[in-house]
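Colleague: Following the hints, put chain X in place on chain B, whose structure we already have.
Protein chains in written order, with this note's numbering: chain B, 851 to 1334; chain X, 3 to 503.
Simulated from the structure, these hints should not be mistaken for lab results.
Treat the numbers as computed from the prediction; the structure is a model and nothing was measured.
Every clue listed holds true.
For the chain X half of the interface with chain B, some residues (derived, Cβ under 10 Å), not all of them:
| hint | residue |
| --- | --- |
| 1 | 97 |
| 2 | 206 |
| 3 | 208 |
| 4 | 210 |
| 5 | 213 |
| 6 | 215 |
| 7 | 241 |
| 8 | 324 |
| 9 | 327 |
| 10 | 329 |
| 11 | 330 |
| 12 | 344 |
| 13 | 348 |
| 14 | 372 |
| 15 | 374 |
Once the Cα atoms are required to be at most 30 Å apart in a straight line, the calculated DSS-like pairs of lysine-lysine come out as:
| hint | chain 1 | residue 1 | chain 2 | residue 2 |
| --- | --- | --- | --- | --- |
| 16 | B | 938 | X | 350 |
| 17 | B | 1300 | B | 1318 |
| 18 | B | 938 | X | 361 |
| 19 | X | 242 | B | 955 |
| 20 | B | 1247 | B | 1160 |
| 21 | B | 1031 | B | 926 |
| 22 | B | 955 | X | 385 |
Covered stretches of chain X (in silico footprint by chain B; criterion: 3 or more residues with CB under 8 Å from a CB of chain B, positions within the stretch not fixed):
| hint | stretch |
| --- | --- |
| 23 | 84-96 |
| 24 | 99-113 |
In this text, a Cβ means the ideal position worked out from N, Cα and C, and glycines have one as well.
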Amino acid sequence: MSKLIQGQTGEWEVVIGLEAHAQIVSDAKLFSGAATSFGAEPNTQVSTVDAAFPGMLPVINRHCVEQAVKTGLGLKARINLVSVFDRKNYFYADLPAGYQISQYKSPIVGKGELMLSMADGEMRRIGITRLHLEQDAGKSLHDRHPALTYVDLNRAGVGLMEIVSEPDLRSAEEAGAYLRKLRSILRYLGTCDGNMEEGSLRCDCNVSVRRPGAELGTRTEIKNVNSVRFVMQAIDYEARRQVAILEDGGSVIQETRLFDPHRSETRPMRTKENDYDYRYFPDPDLLPLELDAAWVESVRRSLPELPDAKKARFVSELGLTPYDADVLVAEKSHADYFETVAKGRNARLAAHWVSVELVGALNEIGAGIDTSPISPAALGQLLDLIEDRTISGRIAKDVFAVMLETGQGAVALVEERGLRQVTDNDAIASAIDAVFAAHADKVAEYRSGKDKLYGFFVGQVMKAMGGKANPGLLNELLKNKLTR
Amino acid sequence: MSDLARLTMFEARSGLRAKKFSARELAQAHLAAMAAARSLNAFITETPDRALAQADASDARLARGDGGMLEGLPLAIKDLFCTKDVLTTACSHILDGFRPPYESTVTAKLWQAGAVMLGKTNLDEFAMGSSNATSCRGPVENPWRRRGDNRPLVPGGSSGGSAAAVAARMALGAIGTDTGGSIRQPASFCGVVGVKPTYGRCSRWGVVAFASSLDQAGPMTRSVSDAALLLAAMAGHDPKDSTSAPLAVPDFNAAMTGDIHGLKIGVPTEYRVDGMPMAIEALWRDGIAWLKEAGATPVEISLPMTKYALPTYYIIAPAEASSNLARYDGVRFGLRVPGDSLDAMYEKTRAAGFGAEVKRRVLIGTYVLSAGYYDAYYVRAQKIRTLIARDFAQAFEQCDAILTPTTPSPAFAIGERQDDPVTMYLNDVFTVPANLAGLPAISLPAGLTEDGLPLGLQIIGRAFDEQTMFRVAGVLESAAAFVAEPGQPGGVERTMAARGT
Chain B
851 MSKLIQGQTG EWEVVIGLEA HAQIVSDAKL FSGAATSFGA EPNTQVSTVD AAFPGMLPVI
911 NRHCVEQAVK TGLGLKARIN LVSVFDRKNY FYADLPAGYQ ISQYKSPIVG KGELMLSMAD
971 GEMRRIGITR LHLEQDAGKS LHDRHPALTY VDLNRAGVGL MEIVSEPDLR SAEEAGAYLR
1031 KLRSILRYLG TCDGNMEEGS LRCDCNVSVR RPGAELGTRT EIKNVNSVRF VMQAIDYEAR
1091 RQVAILEDGG SVIQETRLFD PHRSETRPMR TKENDYDYRY FPDPDLLPLE LDAAWVESVR
1151 RSLPELPDAK KARFVSELGL TPYDADVLVA EKSHADYFET VAKGRNARLA AHWVSVELVG
1211 ALNEIGAGID TSPISPAALG QLLDLIEDRT ISGRIAKDVF AVMLETGQGA VALVEERGLR
1271 QVTDNDAIAS AIDAVFAAHA DKVAEYRSGK DKLYGFFVGQ VMKAMGGKAN PGLLNELLKN
1331 KLTR
Chain X
3 MSDLARLTMF EARSGLRAKK FSARELAQAH LAAMAAARSL NAFITETPDR ALAQADASDA
63 RLARGDGGML EGLPLAIKDL FCTKDVLTTA CSHILDGFRP PYESTVTAKL WQAGAVMLGK
123 TNLDEFAMGS SNATSCRGPV ENPWRRRGDN RPLVPGGSSG GSAAAVAARM ALGAIGTDTG
183 GSIRQPASFC GVVGVKPTYG RCSRWGVVAF ASSLDQAGPM TRSVSDAALL LAAMAGHDPK
243 DSTSAPLAVP DFNAAMTGDI HGLKIGVPTE YRVDGMPMAI EALWRDGIAW LKEAGATPVE
303 ISLPMTKYAL PTYYIIAPAE ASSNLARYDG VRFGLRVPGD SLDAMYEKTR AAGFGAEVKR
363 RVLIGTYVLS AGYYDAYYVR AQKIRTLIAR DFAQAFEQCD AILTPTTPSP AFAIGERQDD
423 PVTMYLNDVF TVPANLAGLP AISLPAGLTE DGLPLGLQII GRAFDEQTMF RVAGVLESAA
483 AFVAEPGQPG GVERTMAARG T
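The shape of chain B in the complex, shown without the other chains (with noise of 0.2 Å):
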């Protein structure tokens, strides 16, 4: 599949770069107390600390500091053992010190690298700039008074991972599957619960424009793009702009935009907002981050298994598949659902039955898997029915769908439905016997040659015995007496 985008001059290669904003699960705000659950009423979650009172000072969050090394670790990335809090200094009504602490020159976390399973089964390296902290800003609401902007503060102080890539990717598609990715592991990580749409993973994307194998071209930056499908659309629309504008003549203008998600387009920012100097400048009030090199260790020691070690291991201990593994591996909830119910079991099957029956019937409920009306226990017990052919799988499926709707266990369906399988050689023969007489005349024409009609028996048998039947044994028995 080519990544590169058709032009009227010839083919465009798109260069993309994306800083995602990653708000850390922690209870308490970067540098104050104050509390930071989402939803909350506005300006209740504020200290004078946040609204930057006279004489306030900012104090660092140590749980902050250790989701940031984490994340950092769980991106295979470099530790700095001593990093700076900068000042960045604009006037905002949402910003209520002028300035937003973050790490400009000295960042606590290095490069470090992603890897992208493309679908052609090839792995990308994507790499990763850096790392750093810093604080997100209130919210100005602009829909409560006629004239006025009211501001809330709730937000404001938050902690932030602003996690910067290398300009490594080539299209949206690999951007989209970056930004998963990247919300996989800091799930893994419990750094950052990555639901876009409450903003608590936001995107900036950079993106350029060059043929193939030329120098990096003119870049423009996205900002706050809050979901995957639209940073993708943005990335999309941008790089074709560019190409537009580049095969008229046009140069491309270093910009900030913004998308449109309800035109999928993007737009400039007004070039005010472009002119900002921020002044960047070490924040006196902090001193430099320094962090004990065997504590960083006992970080990394501490780390859960991610989704690329993960996915090996389903791969060579229980035999999965690289795609089933990797769709398996993409949530860390399914994944760990299914190694419950694979545990002791046929894992392919487990696999089979967690990726597609179990979180395909979630989604048409509108459901979670960690909402699931079936417990991985539950489940578990319909797999060993299949298992040891109490059930078959077709009856399997029916089973599955009570159990969905009623949170009943598959052994006690089974029973109380007489659903067992009938694995009696007599019952079904005599169930063909009875077929083959009320057809007759299709038992001739099988045995004239046309064998299409072996399913039409099956069927017939199937429905006499309530779809109970054993399917080999039938299919074994079936063929005996047709061949006779």
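Modeller: Then chain X, alone, in the frame of chain B:
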């Protein structure tokens, strides 16, 4: 003036414990002195009700035999410290009407130690100034006058109101803040003791910020031992200030043994500036002689980067200030002047709220942090700051404390030196280096000019070695035997005689 207002803090403490007078009587004596000297404009907010309530509480504790280290002692608080529910303005219109919902760590410690708040004192707007002339509440008058000249003089700044209050016996002691000399220079101008502790010794939490890497709170008193006592109550690690040092507070008074035998006192050659009055030169020589007599050894030291200290300070301090003062935007507290847009509201609010000197420093600070200038100014200034600190570190390999004049001139008349900011900035030439290096320094009154104005000597100590600084200061204080008081020429003569000039 009541005799109760003439006591030192130690004397008052003994009197209270011996039940010679009550905390209420002590507070009333000071409130009366404040009323009598209101024309000095030292206090901008008086809190008599609170003072009496606190004094009564002190009396109750003293009656039970309880009481903290400052029990019942009336103090003046620079209006840069946030005091809960009490108007706190930094003497800027931009904080008009601001009553903090919190108490600064330093003042909270004072109240916990039993101190009584008399009121909030005048200062240069946001502590930016060396004469108290930039206050939006008008200038403070120095209680001292030149002999035979009744023109009002500046008290120095920025802690001018605190210095004047202590000098004029309106408070037993006061607290100030010192970013480039804002405690020591007014202490010198007003004939009182002022201490800038080591950076990190006192919490900055709840102190309106001017330049965060330089600001330190400190005591202003009428004796060195009072300063040691007051500092002990103010100091201590505060987890709410990341730059506060996690160190125990030593017993500073116990360090004042009176014995400086064997100590080496550094005398920096670079602290002689052109046009410095003879009296200051002479006083400095006296100081060296007194310490030598007491058994210390004076050593010539060199602090070659001294000449860069002032320009360095006037890059770093405004840079930090320009950012620290961005929060005064009319959105959440203090003054708001409405405008048609957010930017218009900012511009109108800040134009109306800030005075000329504050605007000047915000502009300088914004400039030196701007793209294209940052490396040439801010980064270079930080490098020089490091070199200045190294100068001191090397000097302290040869000596235990450094003796210098506090200021290159005595107090000047109100209105003088207002035209040229650079001349005004030169007031801080001897005090700024200790801020840049984060070192503790004390100014104590040691002599008088020919026309009877007080002059201070400064002792700079090693970082977190206030003990040695106090020890030397105590000896210097005894030797100088400064007993002059403002408006009391008799005292002047005695001091001149004592100095043997």
